[in-house]
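Trainee: So the sequence lines, in the order shown, correspond to chains A and B.
In terms of my numbering, the first sequence is residues 178 to 461.
In terms of my numbering, the second sequence is residues 295 to 590.
These are calculated hints, taken from the structure and not from any lab test.
Please note: incorrect hints may appear among the correct ones.
Claimed, not checked - Derived coverage of chain A by chain B (criterion: at least 3 residues anywhere in the stretch with Cβ under 8 Å from a Cβ of chain B; other residues may be distant):
id : stretch
1  : 296-306
2  : 428-436
What the hints assert, rightly or not - For the chain B half of the interface with chain A, some residues (derived, Cβ under 7 Å), not all of them:
id : residue
3  : TYR482
4  : ALA485
5  : TYR487
6  : CYS488
7  : ARG493
8  : GLN495
9  : PRO503
10 : PRO507
11 : GLY518
12 : TRP580
13 : ARG583
To be verified - Sample of chain A residues lacking proximity to chain B, with all beta carbon distances greater than 12 Å (derived):
id : residue
14 : ASP204
15 : LYS414
16 : GLU448
Predicted model only: the values in this text are computed from it and were never measured.
All C-beta atoms in this analysis are idealised placements derived from N, C-alpha and C, irrespective of residue type, glycine included.
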Amino acid sequence: MNMMGEEMQPEVTKGAIRIEDVVKIYDPDGAAVMAVDHCSIDIPAGEICMIVGPSGCGKTTLLNAIAGFHDVTSGHIYLDDEMLCGPDNRKAEPGSDRIVVFQNGALFPWKTNLENIAFGPMMEGKLSKSEIYDKARSMMADAGLSGTENSYPGEVSSGLRRRVEIVRALMNDPKVLLFDEPYRALDSLTKSVMHEALLEIYYKNKVTIFFITHDLEEAIFLGHRLIIMSSRPCKPKKIVDVDIPHPRDYSVLTSPRFREIMNEAKGVVHEEAKKAFDAGEKEG
Amino acid sequence: MSQAEATDLGLKIGQAEVTGMGLTMYRMSSWLKSPRPYLMVIGFAFLLATWYFTVEVWKLPRFQDMPGITEVFSEWFSKDPYYGLSIYTPEYYKHILISLRRIAYAFFLATILGVPLGLFLGWSKTLREYIFPLFEVFRPIPVLAWVPLAIIIFSGSETPVIFLTFLASFFATTLNTMLGVESIDESYSRAAYCLGASRWQTFKHVVVPGAMPYIFTGLQISIGVAWFSLVAGEMVSGQYGLGYLINTSYMMIEYPKIIIGMITLGVIGYSTSALVRLAGDYMMQWRVRELALGDN
Chain A
178 MNMMGEEMQP EVTKGAIRIE DVVKIYDPDG AAVMAVDHCS IDIPAGEICM
228 IVGPSGCGKT TLLNAIAGFH DVTSGHIYLD DEMLCGPDNR KAEPGSDRIV
278 VFQNGALFPW KTNLENIAFG PMMEGKLSKS EIYDKARSMM ADAGLSGTEN
328 SYPGEVSSGL RRRVEIVRAL MNDPKVLLFD EPYRALDSLT KSVMHEALLE
378 IYYKNKVTIF FITHDLEEAI FLGHRLIIMS SRPCKPKKIV DVDIPHPRDY
428 SVLTSPRFRE IMNEAKGVVH EEAKKAFDAG EKEG
Chain B
295 MSQAEATDLG LKIGQAEVTG MGLTMYRMSS WLKSPRPYLM VIGFAFLLAT
345 WYFTVEVWKL PRFQDMPGIT EVFSEWFSKD PYYGLSIYTP EYYKHILISL
395 RRIAYAFFLA TILGVPLGLF LGWSKTLREY IFPLFEVFRP IPVLAWVPLA
445 IIIFSGSETP VIFLTFLASF FATTLNTMLG VESIDESYSR AAYCLGASRW
495 QTFKHVVVPG AMPYIFTGLQ ISIGVAWFSL VAGEMVSGQY GLGYLINTSY
545 MMIEYPKIII GMITLGVIGY STSALVRLAG DYMMQWRVRE LALGDN
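Only chain A is shown next, with the shape it has when bound in the complex:
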């Protein structure tokens, strides 16, 4: 089982993330709040790394630092050997090598699905419009999105929108996809379909995935590894390897190994959730 798991490990050489000793202190009204506390995480290229923690624990702060939406107070973040942020530049520059899939979705409602997917390369301006649109169409076909090219995002289901958004990210050929609880608002049936669809896309386009969630079942089903974060300030508390081989489908949910991992992780997650609850932190 382990051997098979190893065999199915993606062979990806780019997209390793190294978070080194990152600290983030917010100072909203003069009272310093530590959101991230000396956090170090190493994510090998091509891994699906699930960051699990209670709502509001500071996971999104970490994601925003990698994406370049926020600065960090101290520490380094590397993508492969390139330093994204460090002592000289506290805020990483957003770039198309790291693309975020947002919690509530961020497809532009005023562009059709096809125009959304073509957006990244169109902005880059290296290829001609017809080349870009051809590539966009074929990627949509691969992801089972044919026939929705000319619809606007507001006209299709939320599950389909998420898929369009992932395809839009992949058009730029990123090294890393950053997921900020993208399936939080979906019902559990749609969620299960989305998980399989995401894995399917992942098997075709191996990238590193940094995936924030508070749903343990989702984390174990998708991830190679779970990093369970402590409640604010946020730092890794326990790392759980998910040694269930990829490719996975929904049958693993009922496998004994899945249950074992679930039991192993649940105690820790619950403890942190309780701490967050008692502290009355606002979900973010």
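On the provided structure of chain A, position chain B as indicated by the hints.
Mentor: Using the frame of chain A, we list chain B on its own:
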């Protein structure tokens, strides 16, 4: 709307066969099938009946000088009007055209100045710090308070009226455009940056279209307040125009002309609003389609 029709519409939209015109036609036909137009007719009939009974049948005390419905309408549609104004006299159209021309100038100016200013105010925090406080002080000053200054500053009778009409429109357009930019979810511009867009590309592809719904709300308000200020302006300055017509008819005790002017204002004002709304629907197909799925 039945389930079958709903899926049918959804399907057509999904295949992008519904053009703006097709959707308008579809909405028109479902509107005619609903009770709404007939309720509307009843509403109008009720108003006109009240007018008729209070003035001509019951002759209520304070209504004795008010022109009755028969007098107004027979004057309005008369080939030989007693007070010299009806749909057959060129003077009637001259009033309308001159008012419309003033509205067109003022609305056009307010839009080409207000929309870009609003966009930049919403986009650049520094610019907003400079200009917005100023704006907040000027905005509450009613148009009527500007009348003397407008007459002093601008020569002739035409420019002061256009200036007054412009003023209120400009504030409404700018403010709504700015609010529109502020209303855009931050994740859209973040997504654009992630996908490699520059600051200017983000402005063009995210800020402008994202603010569009608010801009058109602003333009709707703008055209409304334009008519409001126009009439105020025409009552004190200017020659010709519907506001001027109403005011002089009052001075000359030609009361039916007041009512003719008022109804004309209502109809033309409504039409210009409808035109702005149509232009908005045309430019925001994505929104029309979204709403069509949402509220049917």
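Trainee: With d taken as the least Cβ-Cβ distance between ASP204 of chain A and chain B, does d exceed 12 Å?
Mentor: holds, 19 Å
Trainee: When I compare C-beta atoms, does the stretch 296-306 of chain A have three or more residues closer than 8 Å to chain B?
Mentor: holds (count 4)
Trainee: Min Cβ distance, TYR487 of chain B to chain A: is it shorter than 7 Å?
Mentor: Constraint on TYR487 of chain B satisfied, holds at 4 Å.
Trainee: At a threshold of 7 Å, is the proposed contact between TYR482 of chain B and chain A supported by beta-carbon distances?
Mentor: With a minimum Cβ separation of about 6 Å from chain A (threshold 7 Å), the hint on TYR482 of chain B holds.
Trainee: Looking at LYS414 of chain A again, its CB stays over 12 Å from all of chain B?
Mentor: holds, 28 Å
Trainee: Taking 7 Å as the limit, does the beta-carbon of TRP580 of chain B come near enough to a beta-carbon in chain A?
Mentor: holds, 4 Å
Trainee: Should the interface hint for GLN495 of chain B be scored as holding, given a Cβ-Cβ cut-off of 7 Å against chain A?
Mentor: holds, 5 Å
Trainee: If you take the shortest Cβ to Cβ gap from PRO503 of chain B to chain A, is it below 7 Å?
Mentor: holds, 4 Å
Trainee: Could you check if ARG583 of chain B really has its C-beta closer than 7 Å to a C-beta on chain A?
Mentor: holds, 6 Å
Trainee: Does the nearest C-beta of chain A fall within a distance shorter than 7 Å of the C-beta of ALA485 of chain B?
Mentor: holds, 4 Å
Trainee: Restraint: GLY518 of chain B near chain A, CB-CB cut 7 Å. Satisfied or not?
Mentor: It is violated, given that the least Cβ distance between GLY518 of chain B and chain A is near 25 Å, above 7 Å.
Trainee: Are there at least three residues in the stretch 428-436 of chain A whose beta carbon sits under 8 Å from a beta carbon of chain B?
Mentor: That given contact is violated, which follows from only 0 residues of the stretch 428-436 of chain A lying within Cβ reach (below 8 Å) of chain B.
The earlier numbered hints that this structure contradicts are 2, 7, 10 and 11.
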